[in-house]
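Counting in UniProt numbering, the sequence shown runs from 1 upward without gaps.
Heads up, some of the hints might be wrong.
Claimed, not checked - Derived DEER-like restraints, expressed as beta-carbon distance ranges:
hint : residue 1 : residue 2 : range
1    : 31        : 73        : 49 to 55 Å
2    : 31        : 55        : 35 to 41 Å
3    : 118       : 21        : 18 to 24 Å
Claimed, not checked - Listed below are the simulated DMTMM-like cross-link pairs for lysine to aspartate or glutamate, each with C-alpha atoms no more than 25 Å apart in a straight line:
hint : residue 1 : residue 2
4    : 359       : 263
5    : 359       : 449
6    : 33        : 108
7    : 33        : 149
8    : 476       : 334
9    : 476       : 348
10   : 201       : 263
Worth flagging that the hints you see were computed from the coordinates, not collected in a lab.
C-beta: ideal position from N, C-alpha, C; glycine also.
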Amino acid sequence: MADPTQQHHHRMLDNRARQGLVRRIIGLFGPYKLPVAVVGLLIVVNAGLGVINPVLVKEVFDSALFPSDGSLDLTLLWLLAGLIAAIVVFGAVLSVIQTYLTSKVGQDVTGDLQEAVYNHLLGMSLSFLARTRTGEVQSRVSHDINGIEPVVTSTFADFVASVVALIAVGVAMLFLSWEFTVVAVAVLPVFFLLTRWVGRKRRDALTGVQSSMAQVTAITEETLSLSGILLAKLFGRQHAELHHFRRHSEELSRFAVRQRMIDQSFYTAATAFLTLAPALVYLAAGYLIFIGDTGAATAGTVIAFPALQARLYQPVERLLQVSVELQSSVALFERIFGYLDMEQEITDAPDAQPLERDKVEGDVVFDAVRVSSLSYHGSEADLQQQGVNRQWTLDGVSFRIEPGQLAAFVGPSGAGKSSIAALVPRLYDVTEGSVCIDGFDVRQVRLDDLAATVGFVTQETFLLQTTIEENLRYGKPDATHEEIVAAATAAYIHDRIMELPAGYATLVGERGFGLSIGERQRLSIARTLLHEPRILILDEATSALDARSERMLQSALAPLVQGRTTLVIAHRLSTILAADVIFVINAGRINDFGRHEELLGR
């Protein structure tokens with residue numbers, strides 16, 4: 001299945017787009033200006049402290065140990081040694097504080113981004129979720145954001161620290177010896193050329209790693225679920241699934257090894273350069289002494305300058321690493337922002353009206369409703385550009401269900417019954433026409449109010465992996481135990497619950513597999529009844545019950561549907577006998593409607 005954000009993942013960013021991406025990343029730190037400012041101050045202070053000690057080392061050799069007059073100055077030596085020790089301790093304390101603040105801000109920014117992606121995905125339409133693999137979504141929320149966690153936690157702080165340190169070290173080096181400074185700086189272009197090449201290679205490798213990881217996650221999510229394992233066992237596909245998993249796992253390993261080798265090659269070359277760099281200073285010092293310029297090549301300068309030289313190359317090396325990390329993280333940020341930039345199709349209108357549940361009468365009207373089949377599979381405009389022809393799932397459906405009526409929808413599979421049910425709570429939107437509750441177009445009603453008004457029991461029940469009571473309480477978080485028992489009794493599941501060893505504290509297992517299908521459906525009905533909707537939708541809600549359980553459930557539901565508008569979708573004749581009106585659906589159209597006796601008469 002195609003990635004819905006592939007265009008965001010693989011396009012080449014021009015300079016303007018890249019600058020916009022950087023500004024967007026920096027904008028993530030907006031809510032944390034004060035701690036960021038404190039970190040910046042600590043970075044400046046630490047950078048200053050970092051260049052003081054090499055200068056003090058020069059004075060230890062030139063002024064205290066080996067002064068020009070040849071006399072040892074113990075007093076100055078104690079003073080300089082004490083200053084060096086105090087600066088080291090003070091700098092260590094500041095580094096700990098800086099690390100804490102940097103990590104705290106980075107984790108907060110990562111948490112905000114993860115929450116934003118999670119919240120955005122919660123608001124996506126069912127059509128998006130239907131065409132996107134669950135593992136792919138989970139990979140964005142977890143792996144991709146975890147991948148940028150080091151970047152937002154330390155990389156930006158390291159960048160600022162390296163720039164400040166580079167400036168401070170440059171000034172100190174010039175203070176000690178401009179000749180040695182020229183030697184130290186002359187070889188820096190080699191690093192920049194190396195970094196540019198490594199950054200490009202590492203970004204390509206990281207893109208491959210994240211894409212392969214998403215595939216492995218998706219395969220694991222699908223095949224290691226209870227449903228996936230059951231499917232594989234029933235069709236004897238375990239070896240085929242293992243082969244499929246191994247193929248993508250090996251691909252992930254290849255990309256990971258490639259990325260690791262690129263990193264190691266770069267860091268090995270950088271380390272070797274840092275080790276050999278002081279030799280250039282020693283050679284320069286020998287040349288200066290040879291030509292008689294002993295003032296620039298004092299013992300203190302020759303000993304102290306390599307320490308500053310290391311402090312020059314350290315921020316340069318870190319800047320190069322930061323450059324590599326930033327280039328590599330571009331792919332991750334593109335994937336994350338790609339999800340955040342996807343339009344939420346089902347949202348509150350700017351002028352959305354409140355709908356008070358207690359005042360809703362339950363008048364439901366469909367007016368010339370048409371729904372394109374393309375809306376279930378993606379953006380209609382995009383699919384039409386691909387040459388996909390539009391077909392109508394619903395074509396000109398009009399009807400009215402009066403407050404308190406029980407309306408049944410019958411017809412063959414694929415006729416459009418579930419599509420009608422899904423339009424009432426805005427799980428999808430109409431392509432043409434309107435769906436109204438008490439005269440309000442559902443597209444002009446606040447989604448929270450709509451969810452509080454409409455209760456939906458679907459064909460496929462979903463239960464959380466927790467206790468029965470917590471699953472029921474999902475419909476009404478503040479419900480008392482007595483209310484929970486009443487709803488379970490009404491759904492004719494209370495007695496079965498009490499037969500379980502832990503009663504309402506019984507764990508249902510993953511997706512409710514600890515219970516039978518019929519028990520799960522009755523729990524789903526009880527949860528919806530606890531929600532106390534004004535409009536109740538039962539989409540094949542009793543399809544898994546045997547005839548006796550279905551009759552009991554219908555008897556329990558009978559007093560509850562009084563005064564509540566109810567839409568029932570079913571194939572069984574017994575389910576619709578008591579309906580006030582029956583709508584016969586076929587090929588997305590209403591062929592007939594009336595009471596059971598009227599339809600039989602025709």
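Open item on the list: When the structure is checked against the list of hints, which entries are broken? Sort them ascending.
Closed with: Violated hints (numbers, rising): 4, 8; every other hint is consistent with the structure.
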